[in-house]
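> So for the sequence shown, the working numbering puts the first residue at 21; every next one is plus one.
Hint data in this document are derived by calculation from the structure and do not stem from the laboratory.
Cross-link-like lysine-lysine pairs, in silico, DSSO-like; alpha carbons within 27 Å at most:
1) Lys44 x Lys84
2) Lys75 x Lys44
3) Lys51 x Lys75
4) Lys71 x Lys44
5) Lys71 x Lys51
6) Lys84 x Lys71
7) Lys51 x Lys70
8) Lys84 x Lys51
9) Lys70 x Lys84
10) Lys70 x Lys44
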Amino acid sequence: MYFAFKFFFTLFIIGLGVLFFYYKQGPYEVKEVCFGDVCPDNGGTFLVYKKQYSKEECESIGAKPIVGIGWSEVYAGCSPDNFFSRFADAIYELRK
21 MYFAFKFFFT LFIIGLGVLF FYYKQGPYEV KEVCFGDVCP DNGGTFLVYK KQYSKEECES
81 IGAKPIVGIG WSEVYAGCSP DNFFSRFADA IYELRK
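All chains, please: the whole structure from these sequences, using the hints.
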């Protein structure tokens, strides 16, 4: 019983290490975006590419551009997947 616990705990720690390494070295980062003076209602927390893509490049690779509308249209970055961006936003809201 103790061996099984130790084995699964070790796998858990290794998994956390892999996730942390991927977060630091991977192509994504979590970014909090606020458009204009209506924060946080006009913005959110998004998973974005670390590489800066233009709006056209973002659409051409099949990703979703993060665009806010205030006095004018503001481009804030390129999100790889809308589901994960909503998940990042939900986690951020739980921290508040």
